[in-house]
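Colleague: Residues per chain are reported as follows:
There are 2 protein chains.
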Amino acid sequence: MSLIDHTHRPDALSWVASANAADTDFPIQNLPYGLFRRAGSNESARVGIAIGEQILDLKLAAAAGKWSSAVQVLLQPLADGDLNTFMAQPSAQRRLLRHAIFEALLEGSKQQAALSACLLPQAAAQMAVPCRIGDYTDFYTGIYHATTVGKLFRPDNPLLPNYKWVPIGYHGRSSSIGVSGGTVRRPLGQLMPPGAEAPVRAACKRLDHELELGLFVAGGNALGEPIAMEDADEHMFGVTLLNDWSARDMQGWEYQPLGPFLAKNFATTISPWIVSMDALEPFRTAFAHPESDPQPLPYIDSAKNRAEGGYQIELEVWLQTEAMRAKGESATRLMRSNFKHAYWTLAQMLTHHASNGCNLQPGDLLGTGTQSGPEANEGGSMLELSNGGKQVLTLPNGETRSFLLDGDAVGLRAYAVHEGARRIGFGECVATIVPAPSL
Amino acid sequence: MSLIDHTHRPDALSWVASANAADTDFPIQNLPYGLFRRAGSNESARVGIAIGEQILDLKLAAAAGKWSSAVQVLLQPLADGDLNTFMAQPSAQRRLLRHAIFEALLEGSKQQAALSACLLPQAAAQMAVPCRIGDYTDFYTGIYHATTVGKLFRPDNPLLPNYKWVPIGYHGRSSSIGVSGGTVRRPLGQLMPPGAEAPVRAACKRLDHELELGLFVAGGNALGEPIAMEDADEHMFGVTLLNDWSARDMQGWEYQPLGPFLAKNFATTISPWIVSMDALEPFRTAFAHPESDPQPLPYIDSAKNRAEGGYQIELEVWLQTEAMRAKGESATRLMRSNFKHAYWTLAQMLTHHASNGCNLQPGDLLGTGTQSGPEANEGGSMLELSNGGKQVLTLPNGETRSFLLDGDAVGLRAYAVHEGARRIGFGECVATIVPAPSL
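Chains S and P, in that order, give the protein sequences. Last residue of the first sequence: 453 in the numbering used here, with the numbers rising by one and none dropped. Last residue of the second sequence: 453 in the numbering used here, with the numbers rising by one and none dropped.
A portion of the hints provided could be inaccurate.
One copy or any two copies: either way a pair holds, since identical chains are not told apart in the list.
Unchecked claim - Calculated pairs, DSSO-like style, for lysine-lysine (alpha carbon to alpha carbon, straight line, at most 30 Å): (1) LYS404 to LYS354; (2) LYS404 to LYS73; (3) LYS73 to LYS165; (4) LYS165 to LYS178; (5) LYS178 to LYS318; (6) LYS318 to LYS73; (7) LYS124 to LYS73.
Hints are computed from structural coordinates only; laboratory data are not their basis.
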């Protein structure tokens, strides 16, 4: 953990009081990036940094704060609402800005007076997708998810032979990626009812969430030039929560032989704040395949990856039904898991993606796949929790679910936790299901 | 064919003499859009229209020509190199510009003197990907391709049960789409050698082309709002050639269960000129599934689609090996086919894509899948022509191929041909294979 530095000091406090609350997602050790505008305004979006319950508005901060000329250069595109240009910066430059913001928000900073006027309460902001996402790829690194889902289709052979060799992934849809806080419309689609001889067009009956993380790419690679495993970290910008909404009945009918398409591309929801790789540095952990499993081929293996390629990030899915909302009842937690269970690391995903020369670009998004834990109650989707729809879940208020119903709000949460480090959070990734269009 | 108008008159001639040559791809009836800069210059790219061997530079033409104010408004984004804004225009606006350009380039036009100064020889231009492609989707509408490829994997059951109900598609990679005239680097990847117990990382040994057309989306749809089949034409901008380069050995090992990924995303080549749907109007043809096949579900069926949803477009693949180039020998034709064999129409592809509410955007690209004909020598890929690599093709100069070798240049060609209409062409979609990076 060579990059642990004073911005990770667990006792560091900010002059923004809400950042010092024990349960905040956004202490001064976090400093994630997001794109926002004042709610109800039609001003152009600008980049901000979450601190406690506030947002440091980088457009205002670039003008009001006192910054070195190097930092001022980095702030300029951010002030203009362009996160991609900053993402493309070398990691040393990105770290330079992190340090400058950390110092400026630290208790006792001389910048407090000037920057106090650059804060906007998060409650008064409308968040947007944080950057231009050129291409979105979804991986399949959750081995417990892959095994459970595989069992539903192939009881004797749940994991295909390539799974433990290839970080399996496929391309997803960029245009339908939305940010937390919105709605997701139940899709219409072709379904093949059990026992039927012909498919029908109908509203999806097996609507599902998938609990994932999303890795944003920093600097890219030129077409035809693979990225070496040793260089992977340099190309990683940060992480969000990602809900890969899935229409299971559409998926079952359409996905052979070319993979998921309309069953997935109607919506993907991400959390608005990108937690930087720098902020996640204290939560790195050793990574290894079980000894009885194939070991990674050299192009997706490195000493650093073995030593600290993993990240300890606790993951949760919450559900609030319409009935709960009507009665003022808060959401109920459906499951917990941890990203440490992933079969492939973020660095392996990224390196494999570019290993054929595919050009990654700043702002590209790589989903991790559903992060289920090893236990039956740790499934990251309803498909798993309901055993393919065969068992209903009973919620604390007596309602039952096998898949999601209209009015259900699904929220993902995540926390990076490690002994001796200040816990940091990812904010919320929530969206509410609204009914399908009429046929 | 209600939209046939005087811009399709087969006897119309242009004052640009090369546009009147019998074998030109770009007579005045075509008028396709492309993005170019003067070769060797570092000026910003601008939109042009191909006419014979020339390009009408719309930046110069917007300033030098005499246009109605409505046309001038349409020209402005094009002059700035922004095709997407024009693509988003309603079809009536797009047709308005086509008519204005047609009149201006017509023999006897009063604009000849002014616009003569706005021409650049195509030989002096460097073409670029013509628009911002937000999302790229690839379909699988070539039933002869799907059947032949399916037979290689499943001799008794080549077509999966969904094929004749669902226009099968999957998401591809936008970042690696390049324009004709460049190189494609042979990818490195994971391969599972026959009989081996573990995969290896190696250069692809079964590199292949795929002969496709690409449909560019015009105006999009809002997320959650499907497009009605009756409205599909309004959302279609135009068509290019598309070579979906494929690494068959990587594909066989990686594609289960989520579809092609690194076997496809290292490169896609398109032709530089987008032939507009307006130009293709005379080549529409009736469309029907065989009576013994399932008929399309209502959401992807319409009277218009049955009457004229098809397009008669002749398709060809050409190969020039390094040895041929060294001896000054021209390329040899590998196969011919016709887009009329496609099992789903462009309108069905587009409508199905949006049928779950997935939001299409101006400039999105939809590949048709490989367009093979019914005969064994009409395969649109080497995989088909070599029967999965089991038979070698002997070229006229005595060389043999089962898959593509370094130095091979693969070119796609296409012509829309119909009795009583002026033949129009698609230009060239060619790229040359260069060796893989060293391991």
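Colleague: All hints, please: hold or fail.
Modeller: Against the structure, the hints come out as follows:
For the identical chains of this complex, LYS404 and LYS354 are intra-copy neighbours only, at 29 Å inside a copy versus 45 Å across copies, given an alpha-carbon limit of 30 Å. For the identical chains of this complex, LYS404 and LYS73 are neighbours neither inside a copy (52 Å) nor across copies (63 Å), given an alpha-carbon limit of 30 Å. With identical chains, the CA atoms of LYS73 and LYS165 are never at most 30 Å apart, being 51 Å at best within one copy and 60 Å at best between copies. Taking the closest pair of Cα atoms, LYS165 and LYS178 come within 30 Å of each other both inside a single copy (16 Å) and across two copies (28 Å).
Taking CA atoms no more than 30 Å apart as the test, LYS178 paired with LYS318 passes inside one copy only; the shortest distance there is 20 Å, against 49 Å between copies. In this homomeric assembly, LYS318 and LYS73 never come within 30 Å of each other (Cα to Cα): the closest approach is 37 Å inside a single copy and 53 Å across copies. Taking the shortest Cα distances, LYS124 and LYS73 sit within 30 Å of each other inside one copy (19 Å), while across copies they are farther apart (52 Å).
Checked against the numbered hints given earlier, the structure breaks hints 2, 3 and 6 and satisfies all the rest.
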